[in-house]
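K.L.:
Whenever a hint applies, use it, and build me the whole structure from the sequences.
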Amino acid sequence: IAQCLVGSEMCIRDRDYDSMLSKTANVTFVPDSSVFTDQASAASVLDDFVNIAKTLDGTMIVINGNINADTQTDFGIQLSANRAQTVANYLASQGIDQNRLIITGSGNAKYQADKAAGALKSDASVYQSTDISFMRIEN
Numbered sequence: 001i002a003q004c005l006v007g008s009e010m011c012i013r014d015r016d017y018d019s020m021l022s023k024t025a026n027v028t029f030v031p032d033s034s035v036f037t038d039q040a041s042a043a044s045v046l047d048d049f050v051n052i053a054k055t056l057d058g059t060m061i062v063i064n065g066n067i068n069a070d071t072q073t074d075f076g077i078q079l080s081a082n083r084a085q086t087v088a089n090y091l092a093s094q095g096i097d098q099n100r101l102i103i104t105g106s107g108n109a110k111y112q113a114d115k116a117a118g119a120l121k122s123d124a125s126v127y128q129s130t131d132i133s134f135m136r137i138e139n
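FYI, in the working numbering the residues of the sequence shown are 1 to 139.
By construction, these hints were calculated from the structure, which means they are not laboratory data. One thing to keep in mind: the hints can contain errors.
The calculated label-pair distances, taken between Cβ atoms and stated as ranges, are [to be verified]:
id : residue 1 : residue 2 : range
1  : K115      : D57       : 18 to 24 Å
2  : P31       : I52       : 34 to 40 Å
3  : S22       : T71       : 30 to 36 Å
4  : D70       : D47       : 30 to 36 Å
5  : S33       : Q98       : 18 to 24 Å
6  : T55       : K115      : 32 to 38 Å
7  : Q94       : D16       : 30 to 36 Å
With a straight-line cut-off of 30 Å between C-alpha atoms, the simulated DSS-like cross-links for lysine-lysine are [said to hold, decoys possible]:
id : residue 1 : residue 2
8  : K54       : K23
9  : K54       : K110
10 : K23       : K110
11 : K115      : K54
12 : K23       : K121
This one's a predicted model, so the numbers in the text were calculated from it and none came from an experiment. Backbone N, C-alpha and C define an ideal beta-carbon position, used for all residues, glycine too.
P.N.:
Next up, the structure:
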């Protein structure tokens, strides 16, 4: 079974579609800011994601900002939301419809969950990041 994109010669086999749908991306930020740690690296990661997003037109894109902090503060929640918005702005600048974007800032929730599970990552930049993933909406 193949899915063909309207107005395109491109057909995607179900397993390829599912593989693309499971694609995630992660970009990191300068501590206490919503500025990419490395603009060129972030653009490379996000451009790859954009290409898949254009192929999977119609899927929603979840953008979730994170911080690494022991306590949840209003500043941390706002910072994580600002990081997600930075990614959303980049995706929109590359032609992704903003109506496809679900933007959230989870503050330190990812950090605290890993800490509680005894599974903190040794690379702290994991928590100074924004995670991006696709979400299929079933009608």
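K.L.:
Failing hints, ascending?
P.N.:
1, 2, 7 and 11
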